[in-house]
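Turn these sequences into a full structure, and let the hints guide you.
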Amino acid sequence: MGYRADVATRLHDVRPGELTLRSGEIFVVDGPDRGNRLALNPLTVRVGTGESCHLRLSDPTVSRLHFQLSPRGDGLRLTDVGSTNGTLVEGVRVRDADLLSGATVRIGATVLRIESGREPLCVEVSRNERFGSLLGAGVEMRRLYTVLERAAPTQATVLIQGETGTGKELVARELHLHSRRSSGPFVAVDCGAIAPNVIESELFGHTRGAFSGAVSDRRGLLEEAHGGTLFLDEVGELPLNLQAKLLRVLETREVRRVGANSARAVDIRLVAATNRMLAQSVNEGSFREDLYYRLAVVEVQLPPLRFRREDLPLLAEHFYRRLSDGDHPIPSELVAALMTRSWPGNVRELRNFIERCVTLGITTSAPASSRDRLSSREGAPASSSEGAAPSGERLDATLPLNLSLPLKEARDEAMERLEHLYSQSVLRRSEGNVTRAAELAGVSRRFMQRLIARLGLREAVSDGASDDDDADADEG
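Numbering (our numbering), first residue to last: 182 to 657.
There's no promise every hint is true.
What the hints assert, rightly or not - Result set (SDA-like, lysine to any residue): computed pairs, CA atoms no more than 20 Å apart in a straight line:
1. 426 x 414
2. 426 x 467
3. 426 x 440
4. 426 x 484
5. 426 x 399
6. 426 x 404
7. 426 x 445
8. 426 x 448
Said to hold, decoys possible - Derived Cβ-Cβ restraints for the label pairs, each shown as a range:
9. 266 x 588: 33 to 39 Å
10. 523 x 478: 29 to 35 Å
11. 512 x 206: 46 to 52 Å
12. 434 x 523: 15 to 21 Å
13. 225 x 590: 41 to 47 Å
14. 588 x 239: 46 to 52 Å
15. 276 x 397: 49 to 55 Å
16. 533 x 213: 48 to 54 Å
17. 206 x 505: 48 to 54 Å
18. 505 x 421: 46 to 52 Å
19. 510 x 627: 34 to 40 Å
20. 634 x 276: 50 to 56 Å
21. 374 x 431: 20 to 26 Å
Since the hints were derived computationally from the structure, they do not count as laboratory data. The beta-carbon is built from N, C-alpha and C at its ideal position, and this holds for glycine as well.
Structure below.
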């Protein structure tokens, strides 16, 4: 569904430090709450039956957190947050949609109408093109910087939500570094990586004899973060019983170790993050609603890379210069190729892709001979002339894949090609010296010897290095 240029939350002139959006209202036109209305604001608006909703309904067929409306530079976006009965826009069930002015939205037995207003809403946006290590000059990122710049110096609890790879931990670290607690500890905890039977002890600590194996008193990570910031990554993975204990810590600022009779005061600032939609977890009953309210004092939604494509060249240039250890700008043809990809892995995928290009000397085009060697399924040993690629040779930015194979075989085949190409590259750069090649690759000399032997690249090894390598191999 498109969003016309003359309707709500349209992007007008963007003056320095200011973004102008159109106002709007939500009207309840049918259902138990008929006649209710809510004026939209520049922030995300939640609709449902829960206490945290801006438009709170009494319809029992509406979920506690049913959907949210988020103003964007080019319109108003509706997102269903995992409701039980779904969200229908003009009769079509949607999970994510851009709305037209006057659109009707049905949730359960309630019908809403979204109308645009004539009065503009002026929203402050940061004048900066970065916030610490965060980089991006687009409107989406500058709106994010505005929130972070205001929240960082405070003690407010922050909930960071976003897809995998959008930089949630980086945001948490920058909030800490820009706070009054920057001289204190920053303790990061991945709640999804700790076994359920030990996570309580890890977070809250324990006393001697509290359980089998507890041979001494131990401080938990909450106490370790005293005077600083505790970052709970993937907070949605916390078991329900620990959610209640965490809520109590946030309310009382006291921690009771496992097996202890008394509590200890802690001075922490909590920053939490998740790549799942916590509102959906609340609806499913796997996450406490009261804890969600307590975490979302300041709620930050990181935009995926596909929503900030204007920042792609800037990010690519940044990663390329940092990873190439040089002052050469990123090739323009590589930037053009990057703009054609969807980047489901977001900034992390972009960074890893550019690191691979820098490591393997890849741009976007390759001589036919290079492509032929890469597409050979057998991975035949290259001759000495093939192993020493001509100066300036360019290879494809992606390895060709045989998609007709089963997944495991296709993956193994792609990995073999990557190893072959990478080994040729480091041997070429080290002029056939195996010890130097191993250093460039970050592996042991013995590992590099075995890799060369398995891939049939002995001819790419210099004569002087070959004798030494054979002798070393005999010792093993």
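Structure-based check of each hint:
1. 426 x 414: Satisfied, since the Cα-Cα distance of roughly 17 Å is no more than 20 Å.
2. 426 x 467: Holds - the C-alpha atoms of residue 467 and residue 426 are around 15 Å apart, at most 20 Å.
3. 426 x 440: holds, 14 Å
4. 426 x 484: Measuring from Cα to Cα gives roughly 31 Å; hence the hint is violated.
5. 426 x 399: holds, 18 Å
6. 426 x 404: Cα-Cα ~14 Å, so holds.
7. 426 x 445: holds, 14 Å
8. 426 x 448: This hinted pair holds, its Cα atoms lying about 16 Å apart.
9. 266 x 588: 33 to 39 Å: Given about 36 Å between the Cβ atoms, the range holds.
10. 523 x 478: 29 to 35 Å: Given range 29 to 35 Å: holds, Cβ gap about 33 Å.
11. 512 x 206: 46 to 52 Å: At roughly 50 Å between Cβ atoms, residue 206 and residue 512 fall inside 46 to 52 Å, so the hint holds.
12. 434 x 523: 15 to 21 Å: At roughly 44 Å between Cβ atoms, residue 523 and residue 434 fall outside 15 to 21 Å, so the hint is violated.
13. 225 x 590: 41 to 47 Å: Cβ of residue 225 to Cβ of residue 590: about 46 Å, so the range 41 to 47 Å holds.
14. 588 x 239: 46 to 52 Å: Given range 46 to 52 Å: holds, Cβ gap about 50 Å.
15. 276 x 397: 49 to 55 Å: With a Cβ separation near 50 Å, residue 276 and residue 397 satisfy 49 to 55 Å, so the hint holds.
16. 533 x 213: 48 to 54 Å: holds, 51 Å
17. 206 x 505: 48 to 54 Å: holds, 52 Å
18. 505 x 421: 46 to 52 Å: holds, 48 Å
19. 510 x 627: 34 to 40 Å: holds, 39 Å
20. 634 x 276: 50 to 56 Å: With Cβ atoms ~52 Å apart, the hint holds.
21. 374 x 431: 20 to 26 Å: holds, 22 Å
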